[in-house]
Each structure stands twice: as structure tokens, then as C-alpha cells.
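Enquirer: According to numbering that gives the first Met the number 0, the sequence shown is numbered sequentially starting from 0.
No lab work stands behind these hints: they were computed from the structure.
This structure is a prediction, so every number in the text was calculated from the model and none was measured.
One thing to keep in mind: the hints can contain errors.
[Said to hold, decoys possible] Calculated cross-link-like contacts (lysine-lysine; reagent style DSSO-like; alpha-carbon spacing at most 27 Å):
hint : residue 1 : residue 2
1    : LYS4      : LYS28
2    : LYS28     : LYS51
3    : LYS51     : LYS4
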Amino acid sequence: MSKEKNCLIVRAAGRQLDLLRGEASRIAKRSNIDWWIDQAEVGTRFCFEDTKAKESFALACDNFGIPCQDG
0 MSKEKNCLIV RAAGRQLDLL RGEASRIAKR SNIDWWIDQA EVGTRFCFED TKAKESFALA
60 CDNFGIPCQD G
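Given the sequences, and given the hints that come with them, work out the whole structure.
Expert: Here it is, written out as C-alpha cells:
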């Protein structure tokens, strides 16, 4: 499976982006996987080695009220 399939693009800045970085780190650590961030055309791309981690991150974004989309 391509790593790109486990990515979400979020539109956040400042403290929201810091909050999401922390959440991504916790999710990855809990799942014992790696994660990384890339700049996207319209936002920041959060990528995970695992589909379940991506889904957990999407739920976290929803809980924080930060929109995300597959990317």
C-alpha cells in the first residue's frame, strides 16, 4: 500500500497545528509506528504508516473541530 493513502490534509495554523502535531505523535507512539508532516498546496499533510492511525487522527481532528480531507 502506498504511504500516500494514509495521509490527511488539514487547514490549521499556530496553536491548532501544534495541537495536531502533539496528537499525531501520541497516536503514532501508541500504535508503535512512524508519522511525518509535509506541506500541501492547501494546508499541511499528516501521514501515518498505518490506516488505523490515520483514522484515529481524523477522529481527533473532528473532536477539535478542525476540518481534514484525504490527501
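Enquirer: Are there hints from earlier that the structure breaks, and if so, what are their numbers?
Expert: Hint check: nothing fails, all pass.
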